[in-house]
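Going letter by letter, the sequence shown gives residues -16 to -1, 1 to 299 in mature numbering (1 follows the signal peptide of the UniProt record, and there is no 0).
Treat the hints loosely; a few may be bogus.
As the list claims (entries may be wrong) - Within a straight-line C-alpha distance of at most 27 Å, the following computed DSSO-like cross-link-like pairs (lysine-lysine) qualify:
no.	residue 1	residue 2
1	K197	K135
2	K84	K60
3	K264	K171
4	K197	K213
5	K203	K264
6	K251	K104
7	K57	K77
8	K36	K272
9	K217	K272
10	K269	K135
11	K194	K154
12	K117	K235
13	K206	K272
14	K60	K36
15	K156	K102
16	K36	K102
17	K194	K135
18	K27	K77
19	K205	K244
20	K154	K213
21	K197	K171
22	K104	K62
23	K241	K213
Claimed, not checked - Computed Cβ-Cβ distance ranges for the label pairs, DEER-style:
no.	residue 1	residue 2	range
24	N80	K156	46 to 52 Å
25	G227	L275	21 to 27 Å
26	A297	K251	44 to 50 Å
27	K246	N80	14 to 20 Å
28	K77	D152	21 to 27 Å
29	K154	E221	16 to 22 Å
Everything labelled a hint here was simulated from the structure, so no lab data went into it.
Backbone N, C-alpha and C define an ideal beta-carbon position, used for all residues, glycine too.
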Amino acid sequence: MKLKILLLFLFVSLYAKEAPENPRTVYVVTWNVGEENPPGSVKELLGQISSKDELNPDIIIVGLQEVTMNPIKALKNKLVGDKWSEDIDDILKSNNNYAKIYSESLLGMLLKVYVRIKYKVTLSKEKDATTVKTGMKGFSGNKGAVIIKFKLNEQSYCVVNSHLPAHDEKLKERIDDYKTINRERGKFCGNSDYVFWLGDLNFRLDESLKDEKIRELVKQKKFNELLQKDQLKVNHETKEIFGTFNEQEIKFAPTFKLEKGKGEYSKQRRPAWTDRVLYKSDTSKIIKPTLYQSITSYIQSDHYPVQAQFFIANK
């Protein structure tokens, strides 16, 4: 009996030494790719800025929009795979650094979540995904959301990638779609330790701001003056949308609308911060933002990607 107790003690001690801690860093990137093919390298897009594995993020969340807007091509992508997923997998899994937690799509929306290999052992079987169609009053997936939930070390995560209605005058539709998606998120995920909401949310600057004035203030980098008229921020402050969510301070220029291949603002639309990342904890866990910026080296689309990184902890 003493020998059994001793062996059990040794096993528990060994496991405690080898068992990985909870993930500490979460990297999030969102990009409306405008039906374009992947660029030559997606390393920067995926936050892989160091050759040393331990310096790269523990969890990687990738949300894309408009991978395709063709339903037939979308079905083919779902059945046999797509070039974006292939390139992302090649980078994150090639050196056996990351394991894929889940991947899900809805027409042109794609949401993928990865974790560093050393944390894979803590991944619970309780992982799942759902989609929410809001286009054409819920009949089309051209707008809506993909939602993934999972657990690592008994810590619950809920991730939303959404694409909301476009155009300046569609504010009410954006708010309505947000509420529909958020309602479904609550049903699907329940209270979660860590919640991340990303995507092309399509919120614009108030229609009272003229195009010429916006471009002038952007050129002068007077972003705070413009953001006072940002539809998301205004409606967030009144608790109309994203009630308990947080967003890190925006210090980068508007990410839409660009001339593809040029990285210059198009004359077709007023510049706006359409691409965003928000976060919260339903259980008072620590989520500390450490990065929030656009990636202006990618100019293939009419949007810049937006990346964010967070330090997370139980208390």
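If you draw a straight line from the CA of K264 to the CA of K171, is it 27 Å or shorter? Given pair K264, K171 holds - Cα atoms ~17 Å apart, limit 27 Å.
Given the proposed pairing of K194 with K135, does the C-alpha separation stay at or below 27 Å? violated, 46 Å
So if I understand the rule, the pair passes when the alpha-carbon distance is 27 Å or less; does K117 with K235 pass? Cα-Cα ~32 Å, so violated.
Take the C-alpha atoms of K203 and K264, compute the straight-line distance between them, and say whether it is at most 27 Å. At roughly 32 Å apart (the allowed maximum being 27 Å), K264 and K203 break the hint.
Are the Cα positions of K104 and K62 separated by 27 Å at most? Between K104 and K62 the Cα gap is close to 25 Å, so the pair holds against 27 Å.
Regarding G227 and L275, is the given constraint of 21 to 27 Å on their beta-carbon distance met? holds, 24 Å
Is the gap between the beta carbons of N80 and K156 within 46 to 52 Å? This hint holds: roughly 48 Å between Cβ atoms.
Hint consistency between K84 and K60 [alpha-carbon to alpha-carbon, up to 27 Å]: Given that 27 Å is the threshold and the Cα spacing comes to 21 Å, the pair holds.
Run the distance test for K269 versus K135: straight-line Cα separation, threshold 27 Å. holds, 14 Å
Given hint K244 paired with K205 - CA-CA distance at most 27 Å: Holds, because 22 Å separates the two Cα atoms, which is no more than 27 Å.
With respect to the beta-carbon atoms only, verify the hint that K77 and D152 lie 21 to 27 Å apart. violated, 41 Å
Please work out if K154 and K213 have their alpha carbons no farther apart than 27 Å. This hinted pair holds, its Cα atoms lying about 15 Å apart.
In summary, the numbered hints that this structure violates are 1, 5, 6, 12, 14, 15, 17, 21, 27, 28.
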